[in-house]
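Student: Taken in order, these protein sequences are the chains called L and W.
Quick note on numbering: the first sequence equals residues 408 to 911 in the working numbering.
Quick note on numbering: the second sequence equals residues 26 to 308 in the working numbering.
One should not assume that every hint holds.
Dumping the calculated PhoX-like pairs for lysine-lysine here, alpha-carbon to alpha-carbon at most 25 Å [as the list claims (entries may be wrong)]:
#, chain 1, residue 1, chain 2, residue 2
1, L, K785, W, K261
2, W, K221, W, K288
3, W, K221, L, K724
4, W, K173, W, K33
5, L, K724, W, K173
6, L, K749, W, K289
7, L, K714, W, K288
8, L, K714, W, K173
9, W, K259, L, K714
10, L, K665, W, K289
11, W, K259, L, K785
12, W, K297, L, K714
13, L, K785, W, K282
14, W, K173, L, K854
15, W, K261, L, K854
Just so you know, the hints here were simulated from the structure itself, not pulled from any lab data.
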Amino acid sequence: MVLRIPPVTQEERTQLLHELSQKQNNSGLKPKERLAIPPQDMPQQDPAVRRSNVSEVAQGYTEEQARIEAMRCLQCRNAPCVQGCPVQINIRDFVGAIAKGEYGKALAIIKESSLLPAVCGRVCPQEVQCQEKCTVGLSLKDVSKAVSIGRLERFVADLDKNGAAAPAVAPTTGKKVAIIGSGPGGIVAAADARRAGHDVTVFEAFHKPGGVMVYGIPEFRLPKAIVRKELETLKKMGVQIITNFIVGRTRTVEQLMKEDGFDAVYIGVGAGLPSFMNIEGESLIGVYSANEYLTRANLMKAYDFGKGADTPIAVSKRVAVVGGGNVAMDSARTALRLGAEKVYLIYRRTEAEMPARVEEVHHAKEEGVEFHLLQNPKRILGDAGSNVTAIECLRYELGEPDASGRRRPVAIPGSEFQMEVDTVIIAIGNLSNPLIRQTTPGLEFNKYGNLVVDEQCRTSMPGVFAGGDIVLGAATVILAMGQGRIAAAAMNEYLAQKQVAGNR
Amino acid sequence: MSHRITGKRQIGEETFWIEVEAPLIAAARRPGQFIILCINSDYSERIPLTIAGADPNKGTIELIWQRMGKTTAELAALNEGDEIANVAGPLGTPTHIDRFGVVVCVGGGIGNAPLLPIATALKQMGNRVISILGARDKSRMILEDRFKEVSDELIVCTDDGSYGRKALVTEPLKEVCGRDSKPGHAFIIGPTPMMKFCCEATRPFGVPTQVSLNTIMIDGTGMCGGCRVEVDGKAKFVCVDGPEFDGHKVNFDLMIKRLGAYKKLELQAYEKYKQHQCRIGLK
Ligand SMILES: Cc1cc2nc3c(=O)[nH]c(=O)nc-3n(C[C@H](O)[C@H](O)[C@H](O)COP(=O)(O)OP(=O)(O)OC[C@H]3O[C@@H](n4cnc5c(N)ncnc54)[C@H](O)[C@@H]3O)c2cc1C
Ligand SMILES: Cc1cc2nc3c(=O)[nH]c(=O)nc-3n(C[C@H](O)[C@H](O)[C@H](O)COP(=O)(O)OP(=O)(O)OC[C@H]3O[C@@H](n4cnc5c(N)ncnc54)[C@H](O)[C@@H]3O)c2cc1C
Ligand code: SF4
Ligand code: FES
Numbered sequence: 408m409v410l411r412i413p414p415v416t417q418e419e420r421t422q423l424l425h426e427l428s429q430k431q432n433n434s435g436l437k438p439k440e441r442l443a444i445p446p447q448d449m450p451q452q453d454p455a456v457r458r459s460n461v462s463e464v465a466q467g468y469t470e471e472q473a474r475i476e477a478m479r480c481l482q483c484r485n486a487p488c489v490q491g492c493p494v495q496i497n498i499r500d501f502v503g504a505i506a507k508g509e510y511g512k513a514l515a516i517i518k519e520s521s522l523l524p525a526v527c528g529r530v531c532p533q534e535v536q537c538q539e540k541c542t543v544g545l546s547l548k549d550v551s552k553a554v555s556i557g558r559l560e561r562f563v564a565d566l567d568k569n570g571a572a573a574p575a576v577a578p579t580t581g582k583k584v585a586i587i588g589s590g591p592g593g594i595v596a597a598a599d600a601r602r603a604g605h606d607v608t609v610f611e612a613f614h615k616p617g618g619v620m621v622y623g624i625p626e627f628r629l630p631k632a633i634v635r636k637e638l639e640t641l642k643k644m645g646v647q648i649i650t651n652f653i654v655g656r657t658r659t660v661e662q663l664m665k666e667d668g669f670d671a672v673y674i675g676v677g678a679g680l681p682s683f684m685n686i687e688g689e690s691l692i693g694v695y696s697a698n699e700y701l702t703r704a705n706l707m708k709a710y711d712f713g714k715g716a717d718t719p720i721a722v723s724k725r726v727a728v729v730g731g732g733n734v735a736m737d738s739a740r741t742a743l744r745l746g747a748e749k750v751y752l753i754y755r756r757t758e759a760e761m762p763a764r765v766e767e768v769h770h771a772k773e774e775g776v777e778f779h780l781l782q783n784p785k786r787i788l789g790d791a792g793s794n795v796t797a798i799e800c801l802r803y804e805l806g807e808p809d810a811s812g813r814r815r816p817v818a819i820p821g822s823e824f825q826m827e828v829d830t831v832i833i834a835i836g837n838l839s840n841p842l843i844r845q846t847t848p849g850l851e852f853n854k855y856g857n858l859v860v861d862e863q864c865r866t867s868m869p870g871v872f873a874g875g876d877i878v879l880g881a882a883t884v885i886l887a888m889g890q891g892r893i894a895a896a897a898m899n900e901y902l903a904q905k906q907v908a909g910n911r
Numbered sequence: 026m027s028h029r030i031t032g033k034r035q036i037g038e039e040t041f042w043i044e045v046e047a048p049l050i051a052a053a054r055r056p057g058q059f060i061i062l063c064i065n066s067d068y069s070e071r072i073p074l075t076i077a078g079a080d081p082n083k084g085t086i087e088l089i090w091q092r093m094g095k096t097t098a099e100l101a102a103l104n105e106g107d108e109i110a111n112v113a114g115p116l117g118t119p120t121h122i123d124r125f126g127v128v129v130c131v132g133g134g135i136g137n138a139p140l141l142p143i144a145t146a147l148k149q150m151g152n153r154v155i156s157i158l159g160a161r162d163k164s165r166m167i168l169e170d171r172f173k174e175v176s177d178e179l180i181v182c183t184d185d186g187s188y189g190r191k192a193l194v195t196e197p198l199k200e201v202c203g204r205d206s207k208p209g210h211a212f213i214i215g216p217t218p219m220m221k222f223c224c225e226a227t228r229p230f231g232v233p234t235q236v237s238l239n240t241i242m243i244d245g246t247g248m249c250g251g252c253r254v255e256v257d258g259k260a261k262f263v264c265v266d267g268p269e270f271d272g273h274k275v276n277f278d279l280m281i282k283r284l285g286a287y288k289k290l291e292l293q294a295y296e297k298y299k300q301h302q303c304r305i306g307l308k
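Only chain L is shown next, with the shape it has when bound in the complex:
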């Protein structure tokens, strides 16, 4: 039977799709038959080639692949995948629409709950969200065989090349809204507040808007053109975006509200404070925070240094990256693309505990990043010129589970060893940038420096709302978006009440 052989050529796929569609139309596909459809892999650039370019690695499903993949969905009555989605996208229905070839409808369903599907399809950790709950994956006892919901989301989002027409905007309310920070949370909050008819201004500290999606996540994983398109849509809706504006320095939150006439404010400034390890040698030349390394590479385009771009970056042969999250994977893979011969990824637990998306771990390995698990740096060594020459690590083993339920890594005494490197990138996480806290008396922060909000994303100051990493700690794009949406709803309600009170 055709279904057993994973179709590899375009012809075979067309054939398979044809058979599946016919069957579907005649008697309908039985769950067993759906489960037998081979999961569709995403076409990607060859690892050897992509190591030396910054173009996107994963190239997206073809139409045939998307429809075949969508037919794997069992259309579960209780749709457990939806529960796994932080913004409860109606996954069952949009996947069903793709199976039928109704792509416009699929996109419209997604957009009811998520504004940035082209981004989320690429960067969400689906394997611990929707796909983890998917019945197909559970039935096949392998989460990697779940319906590829993220890839399908990306497929329909990418079809929408010119961007949907800007969403309709309600008649002007005369209320002014300030959005601080142009990351995913800010973008969504701006769109939703503007739709309600408010006059919306986004303030961004950097010279380019987009937040981590622009300065952190690399081009080869999230093409910047996608983020630009979303920002264009915002502008088309009449949202003003002001760059080079550092709230707390250029103007304070208080000045925006008391002197500049903003009736409500959304704070979405992210988690912009790099953690270092506080070990010997961290100030040597060649030691970077992942934020610095990625900002130089992405935002400042250091990969084009000497070919137009003016911002330099270390020319490295051997690079050690410390950490196991997306930020670490992005740093390691960026180092390869900048010409490093060897990249070591040092992580103190095992691969199972790595917080990075599985796809990124997989891609990093394919590209030749060497994983050094159950190891952690003790110090960094340098030469007389203070240039990094080596990193000294300790070996670890897993001990008792800690508060997070993960087994705690314990150093093995006397297990020190050294690796020769010329560059070290520290990617062990971000804390909250204290600028807003220091300049906004009256805002409540917790002991980690995160802003405290209620379920509606209201802060302790009336009219001030917040969401994303500044509230959650370093989290995800979709969670930031979700909070942007909740905050905008609360803000719209707050402004409507203010309007009523004002008219009285």
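Given the coordinates of chain L, work out where chain W with the ligands should sit on it, guided by the hints.
Tutor: Leaving out everything else, chain W with the ligands in the frame of chain L:
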């Protein structure tokens, strides 16, 4: 929001002054703060420059810089009426201006520019301001006139003796610290080695000494850590914790090395830029 240059002059060897529109920064800035500019958005580098002065009524700020490499050369090639795409600020923690009694302000080379607003504020606060300005030679001595206006005493010296006293600034600094009316505070801004030696000069006298550090920066908001220095053995971010620090606690040797991290690449970029300017006949 673009920033139009409303005035430009060359004020010394390789040294330039501009006045540029930045109304919000002009209104918010305090002495000791700086901006980060990026000439055009796609490929330009972000570089920090101190706000040398500001006119909140006109909505302009003054910048003074030395042509050092590609970006400062590109900036020097702009003229009145031209625009700078990005100017962000004011950044950094403002100088703590207080009534110290006698203060000594020491500027070296281009350091006179960031020192000026501090000396001015100290004078306005009612301090007795002694200024010591140093430069390699006469052609590099800048802002002497403006320091004259805000100083009770002004000592000028050059390395080669082509102007003022032939001395390094550390010499008069030691003399001033040794006087009966010992300064209550010293403010030193200049090349990093000069700041290091000035701190060594004031240390034995127990004069609290503030320096303003000019590390390599990117964002200027505490996000990248590229600007970190060791102060009292701990890592500090110059862009948010500084730029001013207790000079007696700064690890200058490490900082000097870090400043040189990209020397080779920077030189390449500058050479390439200069060749290109020659070819297209600008020079
Ligand atoms: C390298 C890297 C890779 C990642 N990979 C993934 C991934 O694969 N999947 C995923 O889901 N998540 C990933 N994340 C996390 C994700 O990017 C963040 O959780 C998300 O971007 C947070 O969004 P936010 O709305 O809080 O704003 P952010 O994206 O953090 O943006 C905040 C913006 O506010 C600006 N700002 C800060 N302070 C001020 C101020 N005072 N005034 C004005 N503007 C200010 C900043 O310049 C920035 O542009 C990654 C993060 C990094 C760093
Ligand atoms: C807070 C602060 C205030 C400053 N104020 C002034 C000022 O008022 N006037 C002035 O002339 N200079 C000032 N500087 C120094 C100025 O930023 C550098 O001279 C400039 O960045 C050099 O850029 P370039 O491309 O022309 O030269 P490059 O060839 O790139 O570099 C020349 C040297 O400048 C330093 N440098 C390089 N890139 C940077 C960077 N991104 N940030 C900081 N330093 C860098 C390095 O030591 C390098 O060796 C200040 C620096 C800081 C941190
Ligand atoms: S859980 Fe999986 S199979 Fe069930 S509706 Fe969701 S995507 Fe389809
Ligand atoms: S310049 Fe990035 S933290 Fe200071």
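Student: Does K221 of chain W pair with K288 of chain W here, judged by a C-alpha cut-off of 25 Å?
Tutor: holds (21 Å)
Student: Could you grab the alpha-carbon distance between K714 of chain L and K173 of chain W and see if it respects the 25 Å cut-off?
Tutor: Violated - the C-alpha atoms of K173 of chain W and K714 of chain L are around 46 Å apart, more than 25 Å.
Student: Straight-line Cα separation of K665 of chain L and K289 of chain W no greater than 25 Å?
Tutor: Roughly 49 Å between the alpha carbons, so the hint for K665 of chain L and K289 of chain W is violated.
Student: Has the given pair, K261 of chain W with K854 of chain L, been kept, meaning a C-alpha gap of at most 25 Å?
Tutor: holds (21 Å)
Student: Check the hint pairing K259 of chain W with K785 of chain L against an upper bound of 25 Å on the C-alpha distance.
Tutor: It holds: about 17 Å lies between the C-alpha atoms, which stays within 25 Å.
Student: Would you mind confirming whether the straight-line C-alpha gap from K714 of chain L to K288 of chain W stays at or under 25 Å?
Tutor: holds (18 Å)
Student: Would you check the hint for K785 of chain L and K261 of chain W, treating anything up to 25 Å between C-alpha atoms as holding?
Tutor: Holds: K785 of chain L and K261 of chain W sit about 21 Å apart, inside 25 Å.
Student: Within 25 Å, alpha carbon to alpha carbon, are K173 of chain W and K854 of chain L?
Tutor: violated (49 Å)
Student: Starting from K259 of chain W, check that the Cα of K714 of chain L is at most 25 Å away, please.
Tutor: At roughly 37 Å apart (the allowed maximum being 25 Å), K714 of chain L and K259 of chain W break the hint.
Student: Given the hinted pair K173 of chain W and K33 of chain W, is their Cα-Cα distance within 25 Å?
Tutor: Holds, at roughly 22 Å.
Student: For the pair supplied as a hint, K724 of chain L and K173 of chain W, is the alpha-carbon distance within the 25 Å limit?
Tutor: Given pair K724 of chain L, K173 of chain W is violated - Cα atoms ~53 Å apart, limit 25 Å.
Student: Would the pair K221 of chain W and K724 of chain L pass a check requiring their Cα atoms to be no farther apart than 25 Å?
Tutor: violated (33 Å)
Going through the hint list in order, the structure does not satisfy hints 3, 5, 8, 9, 10 and 14.
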